[in-house]
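Protein chains: 6
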Amino acid sequence: MNPSPPPPFLIEKIARAALEEDINWRDLTSSILEDVEAVGVISSKEEGVLCGIQVARAVFKILQDDCQFKPFLEDGDPLAKGSFIAEIRGKAKTLLSGERVALNFLQHLSGIATLTRRFVEKIRGTKARILATRKTIPLLRALEKYAVEVGGGYPHRFALYDGILIKNNHIALIGGIKEAVRRAKEMFPYQKIEIEARNLEELKEAIDAGADIILLDNMSVEELKEAVRIAQGKVMLEASGGVSLDNVTEIAETGVDFISIGALTHSAKAIDIHMEVRRL
Amino acid sequence: MNPSPPPPFLIEKIARAALEEDINWRDLTSSILEDVEAVGVISSKEEGVLCGIQVARAVFKILQDDCQFKPFLEDGDPLAKGSFIAEIRGKAKTLLSGERVALNFLQHLSGIATLTRRFVEKIRGTKARILATRKTIPLLRALEKYAVEVGGGYPHRFALYDGILIKNNHIALIGGIKEAVRRAKEMFPYQKIEIEARNLEELKEAIDAGADIILLDNMSVEELKEAVRIAQGKVMLEASGGVSLDNVTEIAETGVDFISIGALTHSAKAIDIHMEVRRL
Amino acid sequence: MNPSPPPPFLIEKIARAALEEDINWRDLTSSILEDVEAVGVISSKEEGVLCGIQVARAVFKILQDDCQFKPFLEDGDPLAKGSFIAEIRGKAKTLLSGERVALNFLQHLSGIATLTRRFVEKIRGTKARILATRKTIPLLRALEKYAVEVGGGYPHRFALYDGILIKNNHIALIGGIKEAVRRAKEMFPYQKIEIEARNLEELKEAIDAGADIILLDNMSVEELKEAVRIAQGKVMLEASGGVSLDNVTEIAETGVDFISIGALTHSAKAIDIHMEVRRL
Amino acid sequence: MNPSPPPPFLIEKIARAALEEDINWRDLTSSILEDVEAVGVISSKEEGVLCGIQVARAVFKILQDDCQFKPFLEDGDPLAKGSFIAEIRGKAKTLLSGERVALNFLQHLSGIATLTRRFVEKIRGTKARILATRKTIPLLRALEKYAVEVGGGYPHRFALYDGILIKNNHIALIGGIKEAVRRAKEMFPYQKIEIEARNLEELKEAIDAGADIILLDNMSVEELKEAVRIAQGKVMLEASGGVSLDNVTEIAETGVDFISIGALTHSAKAIDIHMEVRRL
Amino acid sequence: MNPSPPPPFLIEKIARAALEEDINWRDLTSSILEDVEAVGVISSKEEGVLCGIQVARAVFKILQDDCQFKPFLEDGDPLAKGSFIAEIRGKAKTLLSGERVALNFLQHLSGIATLTRRFVEKIRGTKARILATRKTIPLLRALEKYAVEVGGGYPHRFALYDGILIKNNHIALIGGIKEAVRRAKEMFPYQKIEIEARNLEELKEAIDAGADIILLDNMSVEELKEAVRIAQGKVMLEASGGVSLDNVTEIAETGVDFISIGALTHSAKAIDIHMEVRRL
Amino acid sequence: MNPSPPPPFLIEKIARAALEEDINWRDLTSSILEDVEAVGVISSKEEGVLCGIQVARAVFKILQDDCQFKPFLEDGDPLAKGSFIAEIRGKAKTLLSGERVALNFLQHLSGIATLTRRFVEKIRGTKARILATRKTIPLLRALEKYAVEVGGGYPHRFALYDGILIKNNHIALIGGIKEAVRRAKEMFPYQKIEIEARNLEELKEAIDAGADIILLDNMSVEELKEAVRIAQGKVMLEASGGVSLDNVTEIAETGVDFISIGALTHSAKAIDIHMEVRRL
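Residue numbers (the working numbering), protein chains in the order written: chain A, 1 to 280; chain B, 1 to 280; chain C, 1 to 280; chain D, 1 to 280; chain E, 1 to 280; chain F, 1 to 280.
Wrong hints could be hidden among the right ones.
It does not matter which identical chain is used: a pair holds within one copy or between any two.
[What the hints assert, rightly or not] Derived pair list, reagent style DSS-like, types lysine-lysine, alpha-carbon separation capped at 30 Å: (1) K70 - K269; (2) K204 - K13; (3) K204 - K70; (4) K81 - K70; (5) K81 - K45; (6) K167 - K127; (7) K185 - K81.
The set of hints was computed from the structure by calculation and includes no laboratory data.
Could you put the whole structure together from the sequences, leaning on the hints where they help?
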């Protein structure tokens with residue numbers, strides 16, 4: 001099944017905020033244009049995975065509700081150098097005023113989807129899943145988590161309010177893994193409890209405490225293998241820290257359930273996408 | 001002079017929005033903590049240039065207005081592996097609930113400042129200036145442009161409403177460089193007019209038309225040199241397109257005034273910054 | 001551990017919106033007051049459980065940041081007829097302009113906490129937990145879920161974005177319990193999957209499909225007992241529908257894990273709380 | 001004449017806020033549905049008076065602007081057990097994502113309209129009118145006051161900014177009824193002045209002072225009768241405090257003009273309304 | 001008694017919006033200043049009545065919460081050429097970034113208060129009161145109505161939601177004055193009903209219908225005198241239309257209760273107020 | 001070319017805010033109308049220049065999206081006494097609830113456009129241009145600057161973020177014109193630098209410092225002539241202060257490039273525009 005984009009009211013809200021940021025009261029340069037009809041074609045200048053088509057559509061519709069936005073591709077489709085992504089017909093001013101905002105979304109989100117898919121392809125055949133983290137660009141998390149899904153990854157918990165992840169800082173303050181898990185299970189019986197383990201001792205302690213998922217922080221491939229052996233499928237394991245395209249296959253082959261990668265959202269390179277406009 | 005951060009009301013608004021995104025009604029995991037006082041130390045795990053200290057401060061102050069935020073470094077200061085950035089004292093819940101949001105800002109903005117400084121260092125000794133573009137992450141432009149300044153670059157026009165930049169798409173619709181510049185000068189006599197030129201012919205045309213700044217799009221180093229010769233200082237020249245750390249020195253040495261680089265804001269790698277928390 | 005109220009930025013936002021609703025540009029009647037200092041005492045006119053003290057505080061602080069708000073009780077404390085709840089010192093206009101808004105929050109939230117505690121007391125000694133639902137008053141869910149916690153219940157999933165609950169409508173559209181659970185487990189491996197069962201056949205099907213929690217909709221006490229027997233502790237069971245103070249003990253004694261009650265939030269009677277003001 | 005609902009921009013704003021509260025970035029459970037067309041039927045499970053149909057419509061339109069919302073009943077229509085209220089056709093995800101929010105509004109507002117109508121029916125044949133108060137659920141006052149009108153009551157002043165009601169707390173601070181009324185008449189000559197009286201002496205004082213409406217707080221039926229005799233139609237009288245379905249008829253028969261009841265809005269039980277969805 | 005300014009949360013909201021309008025992400029020119037302490041003195045360049053001191057204070061406090069704002073005058077105080085209004089001490093950037101926004105509020109609101117006071121002085125000794133209308137500058141009504149009060153006038157109804165004023169357009173649609181008043185009295189028994197009359201016949205009809213206040217639209221002084229004779233104090237009369245400083249005395253002397261003047265808010269000339277800044 | 005109005009999302013946002021200000025939850029008076037179709041005709045009662053037609057349209061569309069708004073004139077068209085401006089067909093309530101808000105925008109903006117055009121006509125034949133300033137009504141700057149353009153003027157810099165204007169206060173703090181210009185040119189090489197000069201000495205200093213535009217503050221016509229002679233076309237000159245319809249021609253004839261006038265936006269008299277409504 002295809003991942004669902006955020007609901008339309010959220011996409012519209014974000015697109016509107018981005019237009020306010022870039023246009024505010026006036027696109028000065030477009031003021032010099034006459035009021036002619038034009039067509040704009042968005043295309044890719046490099047390979048990748050498309051993401052953000054609904055946001056791009058919203059951008060132009062907010063500027064001119066009767067403009068025509070015709071997508072040639074859908075989110076998740078592969079991009080080749082030169083792929084046509086969408087065509088927009090409307091007033092010349094609409095196209096030029098919306099161009100940069102629409103492209104900024106497409107470039108950023110496609111960048112995330114593309115990087116995610118590279119990781120996903122590297123672990124094909126293993127049971128591991130690629131997870132996003134909360135290391136997202138502030139204010140864009142909904143779209144970025146969606147871009148990870150479009151690339152074939154999983155969003156993991158969205159925020160502090162929808163999942164329990166007990167980290168070292170929590171454990172240190174509470175005084176131990178056992179007590180931390182006990183409290184979390186008591187307070188949130190209807191949720192899976194995830195906890196961080198820095199070594200195999202802590203892993204065992206966490207399993208004994210009754211955690212559902214264990215975050216293995218910065219472990220070596222050898223340690224991960226041993227962790228999988230210890231866990232025996234009784235808990236789910238998430239490898240985290242220092243994951244790259246070079247070592248992700250090896251990590252996945254250890255048998256862990258999840259591999260979480262902050263770089264998917266905080267350091268993905270934008271895909272080069274541009275738009276050509278001509279008079280109709 | 002040091003660049004000024006965005007005004008406090010804007011920083012607070014952005015920090016608040018990011019906290020709403022991440023916490024909304026509850027930080028579930030921190031609910032298991034008792035109400036103890038703690039101290040958190042933010043430090044860097046890699047080299048770079050710090051940016052975002054005011055935003056980090058705002059994040060913790062919004063969560064607890066009487067917490068103490070003590071910065072050890074200022075925006076623009078170099079980061080070494082292990083550099084202490086700031087210390088926060090307050091309720092354990094405050095520290096843990098604000099950690100990720102604060103770090104997300106610091107990591108992203110320091111990433112931009114760091115990349116910018118690398119470019120700036122490469123052109124030291126030339127008269128060229130590094131410029132940001134409008135290829136920013138939607139909703140974060142104010143902070144990102146500021147991060148470019150912190151790194152030693154210049155923000156260039158902020159948005160469509162504060163500068164004239166006539167691009168190929170505009171020229172094509174209007175029917176020529178001469179007419180485009182004429183209109184812009186007529187409508188915006190108190191602003192400098194910048195226009196794009198794809199080749200040396202267009203450069204000459206733009207100079208004759210009376211443009212103030214000319215964007216040289218994707219020209220080779222040889223072409224740039226020739227452009228500088230043609231311009232004779234009568235207009236300012238901005239090189240753009242395909243700029244990397246490898247070729248920026250060469251480009252700067254052609255004698256152009258500006259080098260604009262989209263990657264500063266859309267593709268900078270985050271700097272790894274983290275926070276340790278312990279009971280007081 | 002005491003439940004944590006929503007974060008201060010959310011409480012302030014809600015209190016501010018309520019003040020805008022009630023005062024907007026002017027409290028006409030208070031315009032006739034001179035500018036004198038006064039003291040207001042908030043007290044209860046009936047028995048119950050207090051909830052909302054942070055919101056009441058925020059209301060008066062927004063109107064006058066240097067007014068003094070001194071609580072005599074905390075959220076969760078029992079209220080007797082005549083219990084003093086808080087004292088506020090400030091300008092007479094502050095007290096009278098904020099009175100109704102502060103009381104509306106206190107009355108509504110204390111009503112929910114009080115009703116919840118009545119249910120909780122009825123099931124003391126069983127392992128069952130009282131859960132809130134999403135049947136909340138629109139726009140007040142964060143505070144209402146918190147009020148349920150203050151009364152001794154559990155918030156359950158907050159919204160559509162933080163928990164999986166597959167209802168009959170979903171099952172009918174997908175074509176069966178098995179397929180519905182399969183899809184949910186595939187998409188959300190790090191979350192517990194809850195699904196509705198209308199009878200014991202469906203319960204068995206849901207257990208076989210691998211659900212984590214099963215919502216038993218409108219079952220009789222006899223059916224619930226049988227359900228507990230069938231489940232054998234392999235899944236968690238949530239009884240729902242038609243729960244009242246009269247039958248909740250009996251339901252809890254069947255051995256179910258959770259009892260969810262929409263009336264906690266949509267039909268709790270307000271607690272009568274009022275405020276007296278006099279000149280200082 | 002039928003009461004008018006709040007203007008469409010306000011209904012949309014409230015519906016949008018409620019959807020943001022419940023969905024935010026994703027309806028997780030509906031993610032498992034395929035993209036099929038479906039029909040949802042909203043019906044009542046108990047007797048009452050319908051209110052909220054415009055809000056329910058707005059909820060689904062915000063999620064999918066081309067969905068079809070067909071109401072079978074209008075606000076103010078009686079509900080029987082099983083009454084069909086409305087039918088919605090659209091994407092299955094639209095129906096399931098909007099269901100709870102739409103029902104929460106319908107249940108709450110119909111609860112208020114229903115309770116109001118019960119009071120209104122009890123006083124049929126008298127000249128008294130049932131009034132709402134400002135004891136509303138924070139943030140929902142516009143809809144709740146409207147629901148009271150739908151039930152046959154009157155909204156009374158909406159907020160602190162649109163009516164003068166001098167309460168005991170004001171009188172105490174000013175030093176007397178006479179001076180309080182004098183000031184109010186001086187400042188607000190184009191508005192009716194209402195003032196509270198705790199006993200018949202104060203009533204006489206208020207009449208002499210020139211008040212237009214007098215709030216009789218918590219008076220016995222005997223006192224109310226005497227008050228009506230004293231007032232001789234020169235002022236309007238509002239009975240308030242301790243009004244129930246049991247005593248409202250008796251109170252109305254004393255001849256008072258208004259009976260105000262906080263419970264209409266702060267303690268009305270929700271009407272049980274639900275929705276069935278099936279594939280088209 | 002002095003008129004009360006709008007509540008602090010509204011003043012802050014408006015001041016913040018105005019700063020966002022003028023500064024947004026950066027005050028470019030102030031960027032060239034060093035970080036020095038300075039003092040600014042606000043003074044008047046012409047005669048008038050001061051209004052807006054709370055808003056000016058809010059502007060500077062939002063920019064720098066620890067700046068010192070010391071008012072020399074209060075709202076309502078007379079301004080002479082050269083009067084010192086307030087002194088602000090803080091960072092030079094704070095003073096220069098806030099200057100224009102603060103002055104814009106002061107100039108506009110003092111302009112309204114000044115014009116109002118001129119009208120008020122012209123009718124001294126009569127029983128008439130000067131009223132504002134709803135002909136205000138969009139988004140600034142709360143402050144403008146307050147400025148009218150500061151000048152000695154009365155705000156009249158604030159908006160469509162807090163007063164009944166049946167105009168010709170309403171009467172034409174309903175089919176007559178009598179029916180219009182009947183409906184309004186039925187729906188809004190606790191409010192005074194005002195209705196427009198274009199001539200003395202309509203005035204009589206409106207009195208018979210039971211209106212409380214009658215708006216006499218564009219009547220000559222002779223007609224107004226006759227209207228006062230007809231009304232005999234049974235209703236209040238509001239003269240409206242074509243009122244100027246030249247004819248207002250004559251109008252007031254006819255004995256009408258109110259004179260409403262749109263120009264107070266839509267056409268008042270700004271008072272020239274400026275600010276000098278120097279290094280401390 | 002015609003000036004472009006602000007983008008539709010901004011117009012809608014402002015219109016919506018104005019409707020919230022005036023209607024909020026209910027237009028009380030229109031509640032007494034039946035639900036009939038009507039037509040409203042907006043016309044002018046005096047001469048002027050029309051501005052605001054898009055905002056008026058937005059107002060009625062927000063209230064009823066299928067109402068018909070048919071403009072007879074466009075922004076910039078001359079208004080005679082009696083000119084028909086637009087016709088709206090829709091529900092009677094829509095027309096009456098939107099009337100005042102729509103007229104307030106039209107009256108205010110047409111007032112600005114009309115005053116601007118008067119100034120523009122006075123300088124016809126000279127090379128001078130009429131400029132708006134930042135002395136605008138808070139929150140309405142985008143519309144007001146546009147109204148100036150509609151009248152034939154130029155908006156000048158919009159706000160603190162889109163243009164450099166170094167005023168006396170800045171110069172005093174920095175210590176001199178030369179240093180101030182140097183800093184500004186260094187920080188904002190891609191923008192024109194404007195600086196204030198109070199006398200001819202300062203003008204020369206500013207020219208030498210390399211400023212692009214010089215604001216001549218409150219100079220006499222003789223001084224302005226001398227300034228033009230000194231400048232010799234090397235810089236642009238802006239005359240400011242004390243400009244009126246009486247002296248603007250003389251000022252323009254000195255040869256200055258710009259004449260900026262605060263009164264255009266802070267003190268323009270509203271144009272009298274009204275609306276008649278009748279049943280269809």
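**Asked** From the Cα coordinates, with 30 Å as the cut-off, is the pair K204 and K13 best called within, between, both, or neither?
**Response** neither (46 Å within a copy, 44 Å between copies)
**Intra/inter-copy verdict for K81 and K45 if alpha-carbon distance must be at most 30 Å** = Within one copy, since 5 Å is at most 30 Å while 37 Å is not.
**Asked** Within a copy, between copies, both or neither: where do K81 and K70 come within 30 Å Cα-Cα?
**Response** within (20 Å within a copy, 48 Å between copies)
**Prompt:** With identical chains treated as interchangeable, where does the CA-CA distance between K167 and K127 reach 30 Å or less: within a copy, between copies, both, or neither?
**Reply:** So K167 and K127 pass the 30 Å test inside a copy (25 Å) and across (29 Å) alike.
**Prompt:** For the identical chains here, do K204 and K70 meet the 30 Å Cα criterion within one copy, between copies, both, or neither?
**Reply:** neither (55 Å within a copy, 38 Å between copies)
**Message:** For K185 and K81, with the copy left unspecified, which applies at a CA distance of at most 30 Å: within, between, both, or neither?
**Reply:** Neither. Shortest intra-copy (51 Å) and inter-copy (37 Å) distances fail the 30 Å Cα cut-off.
**Intra- versus inter-subunit Cα pairing at 30 Å for K70 with K269** = within (26 Å within a copy, 33 Å between copies)
Going through the hint list in order, the structure does not satisfy hints 2, 3 and 7.
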